[in-house]
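S.K.: Using the sequences and the hints given, assemble the complete structure.
Residue numbers (our numbering), protein chains in the order written: chain A, 1 to 226; chain B, 227 to 452.
No lab work stands behind these hints: they were computed from the structure. Cβ atoms here follow ideal geometry from the backbone N, Cα and C, with glycine treated the same way. A portion of the hints provided could be inaccurate.
Claimed, not checked - Pairwise CB distance ranges (calculated):
| hint | chain 1 | residue 1 | chain 2 | residue 2 | range |
| --- | --- | --- | --- | --- | --- |
| 1 | A | Gln27 | B | Glu252 | 48 to 58 Å |
| 2 | B | Ala411 | A | Gln27 | 54 to 64 Å |
| 3 | A | Gln27 | B | Ala366 | 51 to 61 Å |
| 4 | B | Gly254 | A | Glu26 | 50 to 60 Å |
| 5 | A | Ala82 | B | Gly341 | 13 to 23 Å |
| 6 | B | Gly254 | A | Gly130 | 33 to 43 Å |
| 7 | B | Lys281 | A | Glu214 | 55 to 65 Å |
| 8 | A | Glu186 | B | Ala366 | 33 to 43 Å |
| 9 | A | Gln27 | B | Leu404 | 50 to 60 Å |
Stated by the list, open to error - Now the stretches of chain B that chain A is said to cover, found in silico as 3 or more residues with beta-carbon under 8 Å:
| hint | region |
| --- | --- |
| 10 | 284-295 |
| 11 | 356-368 |
| 12 | 377-389 |
2 protein chains.
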Amino acid sequence: MNQPKNAVVLLSGGLDSATVLAIAQEQGYRCHTLGVAYGQRHSAELAAAERIAQKYHVSSHRVIHVDLGQIGGSALTDHSLAVPESLAAGIPITYVPARNTLFLSLALGLAEVLGAADIFIGVNAVDYSGYPDCRPEFVAAFERLAQLATRVGVEGGVMQIHTPLLTLSKAEIIGRGLQLGVDYAETVSCYQADVDGRACGRCDSCRLRQQGFENAGVIDPTRYIG
Amino acid sequence: MNQPKNAVVLLSGGLDSATVLAIAQEQGYRCHTLGVAYGQRHSAELAAAERIAQKYHVSSHRVIHVDLGQIGGSALTDHSLAVPESLAAGIPITYVPARNTLFLSLALGLAEVLGAADIFIGVNAVDYSGYPDCRPEFVAAFERLAQLATRVGVEGGVMQIHTPLLTLSKAEIIGRGLQLGVDYAETVSCYQADVDGRACGRCDSCRLRQQGFENAGVIDPTRYIG
Numbered sequence: 001m002n003q004p005k006n007a008v009v010l011l012s013g014g015l016d017s018a019t020v021l022a023i024a025q026e027q028g029y030r031c032h033t034l035g036v037a038y039g040q041r042h043s044a045e046l047a048a049a050e051r052i053a054q055k056y057h058v059s060s061h062r063v064i065h066v067d068l069g070q071i072g073g074s075a076l077t078d079h080s081l082a083v084p085e086s087l088a089a090g091i092p093i094t095y096v097p098a099r100n101t102l103f104l105s106l107a108l109g110l111a112e113v114l115g116a117a118d119i120f121i122g123v124n125a126v127d128y129s130g131y132p133d134c135r136p137e138f139v140a141a142f143e144r145l146a147q148l149a150t151r152v153g154v155e156g157g158v159m160q161i162h163t164p165l166l167t168l169s170k171a172e173i174i175g176r177g178l179q180l181g182v183d184y185a186e187t188v189s190c191y192q193a194d195v196d197g198r199a200c201g202r203c204d205s206c207r208l209r210q211q212g213f214e215n216a217g218v219i220d221p222t223r224y225i226g
Numbered sequence: 227m228n229q230p231k232n233a234v235v236l237l238s239g240g241l242d243s244a245t246v247l248a249i250a251q252e253q254g255y256r257c258h259t260l261g262v263a264y265g266q267r268h269s270a271e272l273a274a275a276e277r278i279a280q281k282y283h284v285s286s287h288r289v290i291h292v293d294l295g296q297i298g299g300s301a302l303t304d305h306s307l308a309v310p311e312s313l314a315a316g317i318p319i320t321y322v323p324a325r326n327t328l329f330l331s332l333a334l335g336l337a338e339v340l341g342a343a344d345i346f347i348g349v350n351a352v353d354y355s356g357y358p359d360c361r362p363e364f365v366a367a368f369e370r371l372a373q374l375a376t377r378v379g380v381e382g383g384v385m386q387i388h389t390p391l392l393t394l395s396k397a398e399i400i401g402r403g404l405q406l407g408v409d410y411a412e413t414v415s416c417y418q419a420d421v422d423g424r425a426c427g428r429c430d431s432c433r434l435r436q437q438g439f440e441n442a443g444v445i446d447p448t449r450y451i452g
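M.R.: In structure tokens, the structure reads:
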């Protein structure tokens, strides 16, 4: 019988990444979860990630701190910018420049150290907010880079970036997660959740989540502020 | 007359990146330097980066902290591993997994925020230590990724990764830097320099540097321990 393979799963504590973790486990991987504390407003997400990692008995859970406040330019890391409460055209101010490139870089480093050749990330190109680094062509380019950047690639192995949610709608993601027993009450999606993980109900991320539960015909367990 | 263009220059405080900064300035860019504190042993490098940035009157200098000690796997970030003092075949233990991918990701985020489409990095594929992420094909793959990952790319711009040292020998790098007035006494290359920036003279990086000065026929201004 084959040993289970190690995988690195990027786990933010949101709805999408919790579903990705459930999928990776169902596929038989030994999961090592990685959260990134990048100065985001919604640090309640990271507390959620920790709880989810424990619940899933992952092989390891890490949080890497990266101070993106030094770079700024996003309403999620620059607290002088307001989080918008209506969907606008174009790339929104909540876009964190190069965030998924950074997250995948850190996951790639960890994968190398663990001898893992599989990385899972919950990017989604359907019900998403218009971020350039959520598109399939971005993921394909990172996978190509990963071959060239790493020891695994040099030694002839294949480093694979798994994006099981890429072409699913938010409702489909929720449906898949519920099949796998994901407890969405544990997840935090809101860009400006309070310390207890209660959501504002008004930001892009809250709206996409609400719409997803509505379309899935499922009751949204999110706790709201006030 | 055109306004000078902004560029992000990765500046570690070593010989290579100091030379890259001099080259970027000579090419007329307004340089924004970026150092990464990744838990490296040789934090004297970062102090050197700060001095060099000041001396060159860069438009801005930032240091981003990323705790790669969480990931481990390298003698540069895991203090339980010894820095080797002889060159060995293969990828050495001083290799920091996915380091250049991470550095370029952070530079990419900063470039987006500054509205810069030019990133400079001192990777070198000649007198290097056998790291996979110093090869031209790695740089080309990152450049392709950068187009897809960013607002600049989405809006039809071109994000360029400049690697002016890529095909130079260490001796040629030193020769080029001296032409441009780089003061190599300010730079720190050693993997285990002391807090004053004095070098061990025995690690891979010290050996490559010594050999470079010898081949360039120039006196090495490095200060050594003991």
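S.K.: Can you list which hints this structure breaks, lowest number first?
M.R.: Hint 3 is the one this structure does not satisfy, whereas the remaining hints hold.
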